[in-house]
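**Student:** Listed below are the residues making up each chain.
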Amino acid sequence: MSTLEHDPAPVGEPAEEKAPSRLAPIGRFVVSLLRMPTGLFGVLVMLGFVVLALSAPLFIHPSDLSVTQADGPLLAGPRSGYPLGTDPAGRSVLLLVIWGSRTSLAIGVMATLLTMVLGAGIGLMAGHYQGRVGRLLMHVTDWFIALPSLPLAIALAAVLGQGATSITIAIGVTSWTGTARLVRAQTLAVEARPFIERARALGATDTQLITRQVLPNVMPLILVSSTLTVASAILSEATLTFLGLGDPTSVSWGSLLNNAFMQGAVTAGAWWYLIPPGIAILVIVLGFTLVGRAVEHVLNARVQPR
Amino acid sequence: MTETAVRRPELGPGEPLLDVRGLTVTYRSGRDPVYAARGVDVTLAPGETLGMAGESGSGKTTVAMSLLRLLPVDADVTGEIRFRGEDLLSVNWARMRAVRWAEASVVFQGAMSALNPVKTVGDQIAEPILLHEKVGEKAARERARALLDSVGVPSRRVTSYPHELSGGQRQRVMMAMALACGPDLLIADEPTTALDVIVQAQILTLLTDLVKERGISLIMISHDLSVLASTCDRIAVMYAGRLVETGPSRVVITHPLHPYARALAGAFPTLGDPASRRAPGGLPGDPPDLREKIEGCPFAPRCPEVEDRCRTGVVPLVEVVGAPDREAACIHVPGYDAAVARG
Amino acid sequence: MADRTGLESAPALEARELTVTFPARRGQGSARAVDGVNLALGRGEVLALIGESGCGKSTLARALVGLIPPTSGEIRYDGLPLQRTRSGMREFRRHVQLVLQDPYGALNPRQNVHDAVAEGLRLHGQRAGLTRKVSEALEQVGMRPPEHFFDRFPHQLSGGQQQRVVIAGALTLGPDVLVADEPVSSLDASVRGEILKLFLGLRDRLGLAALVVSHDLGLAWNIADRVAVMYLGRIVEVGTVEDVLLRPQHPYTRALLAAVPSTEEREATAVLRGEPPDPTAIPSGCRFHPRCPLRATLPEDAAQRCLTDVPVLPPGTGTRQVACFHVEDGPPAPAAPAEQIEVTG
Numbered sequence: 001m002s003t004l005e006h007d008p009a010p011v012g013e014p015a016e017e018k019a020p021s022r023l024a025p026i027g028r029f030v031v032s033l034l035r036m037p038t039g040l041f042g043v044l045v046m047l048g049f050v051v052l053a054l055s056a057p058l059f060i061h062p063s064d065l066s067v068t069q070a071d072g073p074l075l076a077g078p079r080s081g082y083p084l085g086t087d088p089a090g091r092s093v094l095l096l097v098i099w100g101s102r103t104s105l106a107i108g109v110m111a112t113l114l115t116m117v118l119g120a121g122i123g124l125m126a127g128h129y130q131g132r133v134g135r136l137l138m139h140v141t142d143w144f145i146a147l148p149s150l151p152l153a154i155a156l157a158a159v160l161g162q163g164a165t166s167i168t169i170a171i172g173v174t175s176w177t178g179t180a181r182l183v184r185a186q187t188l189a190v191e192a193r194p195f196i197e198r199a200r201a202l203g204a205t206d207t208q209l210i211t212r213q214v215l216p217n218v219m220p221l222i223l224v225s226s227t228l229t230v231a232s233a234i235l236s237e238a239t240l241t242f243l244g245l246g247d248p249t250s251v252s253w254g255s256l257l258n259n260a261f262m263q264g265a266v267t268a269g270a271w272w273y274l275i276p277p278g279i280a281i282l283v284i285v286l287g288f289t290l291v292g293r294a295v296e297h298v299l300n301a302r303v304q305p306r
Numbered sequence: 307m308t309e310t311a312v313r314r315p316e317l318g319p320g321e322p323l324l325d326v327r328g329l330t331v332t333y334r335s336g337r338d339p340v341y342a343a344r345g346v347d348v349t350l351a352p353g354e355t356l357g358m359a360g361e362s363g364s365g366k367t368t369v370a371m372s373l374l375r376l377l378p379v380d381a382d383v384t385g386e387i388r389f390r391g392e393d394l395l396s397v398n399w400a401r402m403r404a405v406r407w408a409e410a411s412v413v414f415q416g417a418m419s420a421l422n423p424v425k426t427v428g429d430q431i432a433e434p435i436l437l438h439e440k441v442g443e444k445a446a447r448e449r450a451r452a453l454l455d456s457v458g459v460p461s462r463r464v465t466s467y468p469h470e471l472s473g474g475q476r477q478r479v480m481m482a483m484a485l486a487c488g489p490d491l492l493i494a495d496e497p498t499t500a501l502d503v504i505v506q507a508q509i510l511t512l513l514t515d516l517v518k519e520r521g522i523s524l525i526m527i528s529h530d531l532s533v534l535a536s537t538c539d540r541i542a543v544m545y546a547g548r549l550v551e552t553g554p555s556r557v558v559i560t561h562p563l564h565p566y567a568r569a570l571a572g573a574f575p576t577l578g579d580p581a582s583r584r585a586p587g588g589l590p591g592d593p594p595d596l597r598e599k600i601e602g603c604p605f606a607p608r609c610p611e612v613e614d615r616c617r618t619g620v621v622p623l624v625e626v627v628g629a630p631d632r633e634a635a636c637i638h639v640p641g642y643d644a645a646v647a648r649g
Numbered sequence: 650m651a652d653r654t655g656l657e658s659a660p661a662l663e664a665r666e667l668t669v670t671f672p673a674r675r676g677q678g679s680a681r682a683v684d685g686v687n688l689a690l691g692r693g694e695v696l697a698l699i700g701e702s703g704c705g706k707s708t709l710a711r712a713l714v715g716l717i718p719p720t721s722g723e724i725r726y727d728g729l730p731l732q733r734t735r736s737g738m739r740e741f742r743r744h745v746q747l748v749l750q751d752p753y754g755a756l757n758p759r760q761n762v763h764d765a766v767a768e769g770l771r772l773h774g775q776r777a778g779l780t781r782k783v784s785e786a787l788e789q790v791g792m793r794p795p796e797h798f799f800d801r802f803p804h805q806l807s808g809g810q811q812q813r814v815v816i817a818g819a820l821t822l823g824p825d826v827l828v829a830d831e832p833v834s835s836l837d838a839s840v841r842g843e844i845l846k847l848f849l850g851l852r853d854r855l856g857l858a859a860l861v862v863s864h865d866l867g868l869a870w871n872i873a874d875r876v877a878v879m880y881l882g883r884i885v886e887v888g889t890v891e892d893v894l895l896r897p898q899h900p901y902t903r904a905l906l907a908a909v910p911s912t913e914e915r916e917a918t919a920v921l922r923g924e925p926p927d928p929t930a931i932p933s934g935c936r937f938h939p940r941c942p943l944r945a946t947l948p949e950d951a952a953q954r955c956l957t958d959v960p961v962l963p964p965g966t967g968t969r970q971v972a973c974f975h976v977e978d979g980p981p982a983p984a985a986p987a988e989q990i991e992v993t994g
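Chains as they are written, first to last, in our numbering: chain D, 1 to 306; chain S, 307 to 649; chain Z, 650 to 994.
Bound-form chain D, shown alone:
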C-alpha cells in the first residue's frame, strides 16, 4: 500500500457565490452600512454634527459667544443675520447651538469611552471567569444597577464640583452596568462555542483567549452599544447641565436649555431660544441610534452561520 494511495485529492474551488470584492473588510462594511437608508441618514447626521463641531472655531468668534460683547438685538425672533434669533444677551442662538455641540459631543464621547472601557472590561471578566471572580463582579454590577442613576449622578457631580470632568465621570459611573451585562451575556455565548475549546487545545492562556478569540467576536456588540451609549450620554449630559451641574461659563445644549428656563423664555414666548437646543439633541440622538441599529444589522448579516 503506497503512501500515494492515501494522498487526498486536491480540493476544488471553495464554494462561493460570486468573486469576492476587492475591498478590505472595513471597506465592505462601510459600503453595506451606507446601502441601508437608516444607516446612510444616521451617518450623515453624525458626520454633519461632527464636521460642524470641529469647524465651529473657523466661523464663530469669541465675541459671538461673549455675553458682554454680543451686539445683536436682545431676545429677538428670527431675522436676517440671526436665523434662529437671539438670546437675552444678544447672542445668535444659531451660533450658540453650533458651539454647544462641541461640549455636548465631547462629553458624550468621553463618557462613552469611560462607560465602554469599564463596562466591557467587567463584562468580559465576569463572563470568562465564571467562578468566584465572576460571581463577585456580577454582584457589584447588580448593586450598581440597583442604585438610581440620576440621583447618583447628581450627587457625584455635586461632590466632584461643577464642570465637564465631573459630568463625564458621573455619566460613566452610572451607565457602565448596561454594557457590562450585555458583554457578559455575549461572552458566555461566545465561550460556549467549539472554537474556544479548540483555542484552549492549541494552548491558549486565559489572556490570549480573551483578547484573540472572545474580544473580536464581542466587538460588534461593543460597537453597536457604543453608538447607542453616545446618544444616551449626550442626553444625560444635557440633563445634568440643565440641572445646573455643568460649567456655567461653557456653552452646551443643556446650559442653553437651563438658561432659557432660568431667564423666562417660556413666559416670554421666545420659542427660538428654547426649541433649537432640544431639536439638536433630538436629531443627534436619532442619528447615533440609527447608526447603531444599522451597524448591528450589517454585522449580523455578515456573520450568520450557513
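It is worth saying that the hints were derived from the structure and are not from the lab.
One or more of the hints may lead you astray.
Partial chain D-side listing against chain Z, Cβ under 8 Å, derived [stated by the list, open to error]: (1) 28; (2) 197; (3) 200.
Pairwise CB distance ranges (calculated) [as the list claims (entries may be wrong)]: (4) 136(D) - 735(Z): 19 to 27 Å; (5) 834(Z) - 401(S): 37 to 45 Å; (6) 472(S) - 954(Z): 51 to 59 Å; (7) 835(Z) - 28(D): 23 to 31 Å; (8) 130(D) - 702(Z): 22 to 30 Å; (9) 539(S) - 954(Z): 44 to 52 Å; (10) 423(S) - 834(Z): 24 to 32 Å; (11) 113(D) - 437(S): 54 to 62 Å.
Stretches of chain Z that chain S covers, calculated by requiring three or more beta carbons in the stretch to come under 8 Å of a beta carbon on chain S [what the hints assert, rightly or not]: (12) 747-756; (13) 867-880; (14) 919-929; (15) 951-962.
Quick reminder that beta carbons are idealized off the backbone N, C-alpha and C, glycines included.
Since the structure of chain D is already known, use the hints to place chains S and Z on it.
**Tutor:** For chains S and Z alone, kept in the frame of chain D given last:
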C-alpha cells in the same frame, strides 16, 4: 382501523397510492432562484416502503415535504402529485388540511425541536385526533395512551413533558403522533439521524412492525443507505434535485449502477469486507450549487467515469436493460443509448 | 501495512485509572463520566474509541488532551506523566492535538483560513516562518494551492474544507498524536471518506498516531488498527479491529454489532432493549448487567457474580481484553496475579 369522517376514495387494483410526475420545486426567496427538485417521478403502492437517499442539497427533503404541500409560500411547485388519484397540487386548502395527518402524516427530523416543550406528550398526540375527528377529549386521551403503548412507551407517560423523556422515547412519541389518525402514508424524515446505533435499531424495528401491521405505505428519507436498505423495499437515490438511481434496496446497495450511488454506498462499509478495510470510500469535491441551472449531468464534476458527452444536454433516468425494476441516469447503464434513442 | 498491535516503546498517549467526575445537575451525588479507564495509544497507530452517547468517550477524549482535569488517575505522554504546570501543558500541546466534531463551530468566524491555521503557532510565540508553515500544513491536508485559501472565511468553505482547515491548524505544531472527537459525523456521507483518507495519509506520511472517538463502527473498520468499546464510563472490550468487530465477545459489543443496519432479516429479540442508565446511578458490579442478554442465559451463581464483582481490565496494550467474567478473554480471577492474556482468536 379508526372510524373517521374523512373521505377516502377506494383504490382500484394495481392503482398506486401515490403517483408523482414531473415534480419540480424552485425556491424564490433570495436573490437567485434555487432549483431544489427537477422533474422527479415517484410511485408508491399501498403498503410499499420507499427510501429516498441523498445528502444535504439533494432535494430529498424538498420532495417529501412537497407531497403534503409543507413547503414555504415562496416555493414554486409544478408537476402532479396524485394521492389516491387526487392531484394534491390542485385541491383547495380545506381538502389539503383534511388530507394532512388523516391520510398522510410526517415524522419530522429532530424530535427534540418538533415537540412543543410546554405541552404534555399526551396532549400533543391527542391534538391531531381532536382536529380531524369528531371525538371527545376523553376518547382522544384514551387513544393517545393506546398509541404510546403501541410505540413502546409506557402509557403512564402520557402526562410527561418532552424534556422528561429520552431521545429514543421522544422519537417514539413523534411516531405515535404521526399514526394518531390512521394515515395510509407515513413520511419519515431522517427518523434516526441523531440516535445511537442501538436506539436506531429499536426505532427502525418499531417502524417496520407498525407499518406492516397497519398496512401503511412508508417513505423514509435518509442519507444513510444502510438504514434505508434494511427498512425499505425500494430505494431512490437523489443528487442535486434529480433522481439518479432507483431499484430494490438490496440490489441498489450491493450493486449500485450510478457512480454517485456507488460512492454513497461506499460511505457505509460492510464490516468484514476486506475491500473497505483501511480504504475509506470517498468522493472529492462538493455537492453542486443549486442556484445554477446545470448543463448536462449534475454529477459530472465529481464523477470518476465522466465523459465529454456527460456535460451537455440532459442525462435522463432510463430503465436498465435486463432489470425492469431498476432505473439509473448514467450513460454507462446498459441500454442507455437505446433508451435515449427511443425517446 | 501490518497491524501494529505489539509495542516496542512506550505508548504515545496513555490513560491510567483515569476518572472524571462531574457534580450531578439535580444535586443527586455525582456523575462518573469516566470511571477508571486504562487505555493506551501506541506510536503511529489508529485507535477507534466506540460508544454511544453518554458513555463518556468525549469526556475521555478531552481529558486526554488536557482540556478537562481528571478527578483521579493519570495521563502519560510518551511514558511520562503529564505535568499540569503552565509550561508542562504548553509542551504537551505541541505533541497532542485535538480535532472536534463540528468544523464550522470549531473555527473562529472572524479569522480567515491563514490566521486560523496559524493560530497555534502564534499562541506559542513561534512566528518565524509562519506563512511557510501554514502553507505546508494546508498542503498536507490537500488544500492546494494553499495561497488560494488564505483569505477565505469559514462561511465560504464547505464542511469538508472546514474540517481540513481545522486539521491543518492542529498539524502546524508538529504533534505526534491527534485526538479526534467524531471528526466526520457532521459531514455529508460522500465527503467523509476523503477526511478519513486524510487521517490515514497523515499516519502514513507523518507517523501520526490517532485516537478517533466515534459512535460509528464502520469508521473503525475503515481506518482503525485497534478498537476500544466504551460503556457507561468504562472500557468493556479492546483489541484489534478484526478481533473485536468480527469476533466480538462482550455482550455489549455483540449488541452494538447486531444493531448495525443490514439487509438481512433481523430478529426482534436481537435488538438490545432499553437505554443506558444515567451516570449518576451506575449499576453495581458489572454495570452492563441489567441489560445483558448473556447474563439471562447463565446459571444462578454465575449470574450472581455479575452483580457483585467488577470486571477490571489491567493496564496494557496490544492485547485482547474483554470486561466480562463469562467469556474466553475475560479478566483473570481476582485471586490470581494480573497477567497479560495472549491473543488466541
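**Student:** Decide, hint by hint, whether the structure agrees.
**Tutor:** Quick rundown of the hints versus the structure:
no., hint, result
1, 28, "violated (12 Å)"
2, 197, "holds (6 Å)"
3, 200, "holds (6 Å)"
4, 136(D) - 735(Z): 19 to 27 Å, "holds (24 Å)"
5, 834(Z) - 401(S): 37 to 45 Å, "holds (42 Å)"
6, 472(S) - 954(Z): 51 to 59 Å, "violated (30 Å)"
7, 835(Z) - 28(D): 23 to 31 Å, "holds (29 Å)"
8, 130(D) - 702(Z): 22 to 30 Å, "holds (25 Å)"
9, 539(S) - 954(Z): 44 to 52 Å, "holds (46 Å)"
10, 423(S) - 834(Z): 24 to 32 Å, "holds (26 Å)"
11, 113(D) - 437(S): 54 to 62 Å, "holds (59 Å)"
12, 747-756, "violated (count 0)"
13, 867-880, "holds (count 4)"
14, 919-929, "holds (count 4)"
15, 951-962, "violated (count 0)"
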